[in-house]
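Chains A and B, in that order, are what the protein sequence lines are.
Positions 24 to 511 (the numbering used here) are the ones given, in order, by the first sequence.
Positions 88 to 321 (the numbering used here) are the ones given, in order, by the second sequence.
Source of the hints: derived by calculation from the structure; they are not laboratory data.
A portion of the hints provided could be inaccurate.
Here are the computed distance ranges between Cβ atoms for each label pair [claimed, not checked]:
id	chain 1	residue 1	chain 2	residue 2	range
1	B	Leu253	A	Gly84	31 to 37 Å
2	B	Tyr200	A	Thr399	42 to 48 Å
3	B	Phe209	A	Glu61	54 to 60 Å
4	A	Glu405	B	Leu314	53 to 59 Å
5	B	Arg91	A	Pro395	42 to 48 Å
6	B	Phe209	A	Pro395	43 to 49 Å
7	A	Ala173	B	Arg305	46 to 52 Å
8	B	Met175	A	Glu36	25 to 31 Å
9	A	Pro395	B	Glu102	30 to 36 Å
Every residue gets a Cβ at the ideal spot worked out from N, C-alpha and C, and that includes glycine.
Residue-level listing of the chains:
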Amino acid sequence: MNTSSLETAENRESLRKVVIDPVSRVEGHGKVTLLLDEEGEVREARLHIVEFRGFEVFIQGRPYWEVPVMVQRLCGICPVSHHLAACKALDHVVGAQSLTPTAEKMRRLMHYGQILQSHALHFFHLSSPDLLFGFESEVGKRNIVGVAAAHPEVARQGVLLRKFGQEVIRATAGKRIHGTGAVPGGMNRHLAPDDQRMLKADVAKMIEWSRAAVELVKRLHRADPVLYDAFGTFSSGIMSLVRADGAMDLYHGQLRFRDANGAITLDAVPDQDYHSVIGEQVKPWSYMKFPYLRDLGPDQGWYKVGPLARVQNCDFIPSPFAEAERREFIAHGQGGLIHATLAYHWARMIEMLHAAEVIRDLLDDPDLMDGPLLSTGTHAREGVGIIEAPRGTLIHHYQVGEDDLVSMCNLIVSTTHNNQAMNTAIRAVAQRYLSGHELTEGLLNHIEVAIRAYDPCLSCATHALGQMPLVMELVGPGGETLSRVTRG
Amino acid sequence: MNGRFMLDGQPVMFEEGQTILQAAKAAGHYIPSLCWHPDFPPHGSCKLCIVKVGGRHVSSCALQAKDGMEIESNTPEINGERRALLQMLFVEGNHFCPSCEKSGNCELQAQAYELEMTSARFNYFFPVRPVDASHPDILLDFNRCIFCELCVRASRDIDGKSIFALTNRGIHKHLVVNAESGRLGDTDFSALDRAASICPVGVILPKRVGFAVPIGERIYDEKPISLVSMEKER
Ligand code: SF4
Numbered sequence: 024m025n026t027s028s029l030e031t032a033e034n035r036e037s038l039r040k041v042v043i044d045p046v047s048r049v050e051g052h053g054k055v056t057l058l059l060d061e062e063g064e065v066r067e068a069r070l071h072i073v074e075f076r077g078f079e080v081f082i083q084g085r086p087y088w089e090v091p092v093m094v095q096r097l098c099g100i101c102p103v104s105h106h107l108a109a110c111k112a113l114d115h116v117v118g119a120q121s122l123t124p125t126a127e128k129m130r131r132l133m134h135y136g137q138i139l140q141s142h143a144l145h146f147f148h149l150s151s152p153d154l155l156f157g158f159e160s161e162v163g164k165r166n167i168v169g170v171a172a173a174h175p176e177v178a179r180q181g182v183l184l185r186k187f188g189q190e191v192i193r194a195t196a197g198k199r200i201h202g203t204g205a206v207p208g209g210m211n212r213h214l215a216p217d218d219q220r221m222l223k224a225d226v227a228k229m230i231e232w233s234r235a236a237v238e239l240v241k242r243l244h245r246a247d248p249v250l251y252d253a254f255g256t257f258s259s260g261i262m263s264l265v266r267a268d269g270a271m272d273l274y275h276g277q278l279r280f281r282d283a284n285g286a287i288t289l290d291a292v293p294d295q296d297y298h299s300v301i302g303e304q305v306k307p308w309s310y311m312k313f314p315y316l317r318d319l320g321p322d323q324g325w326y327k328v329g330p331l332a333r334v335q336n337c338d339f340i341p342s343p344f345a346e347a348e349r350r351e352f353i354a355h356g357q358g359g360l361i362h363a364t365l366a367y368h369w370a371r372m373i374e375m376l377h378a379a380e381v382i383r384d385l386l387d388d389p390d391l392m393d394g395p396l397l398s399t400g401t402h403a404r405e406g407v408g409i410i411e412a413p414r415g416t417l418i419h420h421y422q423v424g425e426d427d428l429v430s431m432c433n434l435i436v437s438t439t440h441n442n443q444a445m446n447t448a449i450r451a452v453a454q455r456y457l458s459g460h461e462l463t464e465g466l467l468n469h470i471e472v473a474i475r476a477y478d479p480c481l482s483c484a485t486h487a488l489g490q491m492p493l494v495m496e497l498v499g500p501g502g503e504t505l506s507r508v509t510r511g
Numbered sequence: 088m089n090g091r092f093m094l095d096g097q098p099v100m101f102e103e104g105q106t107i108l109q110a111a112k113a114a115g116h117y118i119p120s121l122c123w124h125p126d127f128p129p130h131g132s133c134k135l136c137i138v139k140v141g142g143r144h145v146s147s148c149a150l151q152a153k154d155g156m157e158i159e160s161n162t163p164e165i166n167g168e169r170r171a172l173l174q175m176l177f178v179e180g181n182h183f184c185p186s187c188e189k190s191g192n193c194e195l196q197a198q199a200y201e202l203e204m205t206s207a208r209f210n211y212f213f214p215v216r217p218v219d220a221s222h223p224d225i226l227l228d229f230n231r232c233i234f235c236e237l238c239v240r241a242s243r244d245i246d247g248k249s250i251f252a253l254t255n256r257g258i259h260k261h262l263v264v265n266a267e268s269g270r271l272g273d274t275d276f277s278a279l280d281r282a283a284s285i286c287p288v289g290v291i292l293p294k295r296v297g298f299a300v301p302i303g304e305r306i307y308d309e310k311p312i313s314l315v316s317m318e319k320e321r
């Protein structure tokens, strides 16, 4: 399917315009516009995101040691990822060549706690209503309350998985949100024995429930393979960090790129060199940049990040249950990369399972509760920190002046990496499901389902718990409102 | 002459020369304050220590205790006025506690908790106050200044350097550094000066420390300022 032609329509002025506009919130604001011709054929589809504009400027001129706390305000959804990415970048600035074992393990524990809670929130609260009830099901029931009524055990496990992840964060960062556990060069706290006991008591159940969640997604795929394999599917390259030995590692690694067929095109790129391989293109119609692989240029070099990329990019997952699931997932691709948008959910649940296994293994480690927390060395003026956040690769890059103030800050968040991919997904969906049909709320929801699979960092997409408030307007060539559907 | 006054209906003994605030604290009764410091003469600028004596508002840090005074301090009315003073201090500067490294060790924040200030109530001024990072060991973040002049006084009266001063009046009032360039790096200020460690808020900060002590384990995270300050001065 050729979707690239839908980026910009010819004779745009004569087309009808549909705006899908989730209510604006502080952290990010997304909007979809569709242009339709007389026959109702979609001629143009765009997802615009007003992202964290100005935050870079806000950080500039601040002392570097404040940054890991400050950047958590970038995003109410994954503050821990920003906290850790900033610390990883600033480890270079304070000359911490390597962290102490305690600090490294505490940070890993915090990060995998974040992965677990975020993936649980995304799947159970935001996506399971669409997946369990259908995209065009009754709006009033298509939410977590509806899931709780129809599938109480699924909903309960979702809530408790998320809560467990939040407890891991609290025990490592100090608070469930906006903690201060990580500092440039290490950590400021150990794991308290009470917290260790409490988490250990529950972790086996979390692994069991995560396995059940993977089963649930597989069941959904099996029940409707045509939908799950075809919905919003398009091919593209992928990118993520992988560990030096090829293992999945969401906390630290080197960048690896694969092309749409799965062949590795670039490997073992050190995090500090991201800039030499990734470029960022600006388009006039979106505030969000479009990153691409420099070797291939903006048209060919864009890629997907996030669970779907990570599970297929690594050579193996270093925990047994998740690794078995990865193999089954890869087998589903029959030798090729899986590009189905809805397969994000399957991959996401495999990662949630992996996170639970990592947490179990870490909790047995005595280093967490004892040992030095900080490393230092010769200060440097620059550092890059890359982490695999729940939604995908997150890059923080800082330069710090002689006076310890940040002089340059560049952030590439996962939603930005997925910008082209999300746009391509909604074009595929618009072309396949919306073109030539009278637009209804259910059809409109197809667009949201595609966007939501990427779990973009639009606060509206999460605060509204599964119901992005939507306004859809059909505007005729003369600017008159032809029809209007609202929801939320 | 020693004597006795009544504070919120309770008798308080005092010694000749003591202010109301000193005598009250010595007798175990807390009166909130920000610009007052036991090592310095009363300053009377923050007004947080206001009490009512015979129906009139006075600064308890400055007024000498007198025999037979009837004093109101811990009443809803006066605490409401104190809260309003705090609210004004918060909107006058740029206080973003969640990413402020002084959080938990800050007297302004601690007073806001003590006096149950739950909102800013007034419109923020958003003054533009650039930081001064020119000194190798100390950062100045003027955004959080409350004009208590403790640094001014400590530098002048203890360190003998007069490095800080307040300039202008009203809403244009701000803290300046006594150097031609206006930069701390061009003075002989030292991290060992008394003025370097006296700031009750997050203006004068040692560099590269940041969040080394976790939030949650800081002075006022564990105990309210009313207790901490009574213990310190005992
Ligand atoms: S100085 Fe105190 S009140 Fe001001 S931002 Fe810092 S912690 Fe908050």
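Can the suggested window of 25 to 31 Å be confirmed for the beta-carbon pair B/Met175 and A/Glu36? violated (54 Å)
Indicate whether the distance between the beta carbons of B/Tyr200 and A/Thr399 respects the range 42 to 48 Å. Between B/Tyr200 and A/Thr399, where Cβ atoms are some 34 Å apart, the hint is violated.
Taking the beta carbons of B/Phe209 and A/Pro395, is their distance inside 43 to 49 Å? With a Cβ separation near 46 Å, B/Phe209 and A/Pro395 satisfy 43 to 49 Å, so the hint holds.
Distance restraint hint 31 to 37 Å, applied to the beta-carbon atoms of B/Leu253 and A/Gly84: With Cβ atoms ~24 Å apart, the hint is violated.
For B/Arg91 and A/Pro395, compare the CB-CB distance with the range 42 to 48 Å and indicate the outcome. Check failed, 56 Å falls outside 42 to 48 Å.
In this structure, is the beta-carbon distance linking A/Ala173 and B/Arg305 contained in 46 to 52 Å? Holds: the Cβ-Cβ distance is about 47 Å, inside 46 to 52 Å.
So the hint says 53 to 59 Å: do the beta-carbon atoms of A/Glu405 and B/Leu314 match that? violated (45 Å)
Verify the CB-CB distance for A/Pro395 and B/Glu102 against the hinted window 30 to 36 Å. violated (51 Å)
Determine whether the Cβ-Cβ distance between B/Phe209 and A/Glu61 falls within the hinted range of 54 to 60 Å. holds (56 Å)
Hint check: violations occur at hints 1, 2, 4, 5, 8 and 9; the rest are consistent with the structure.
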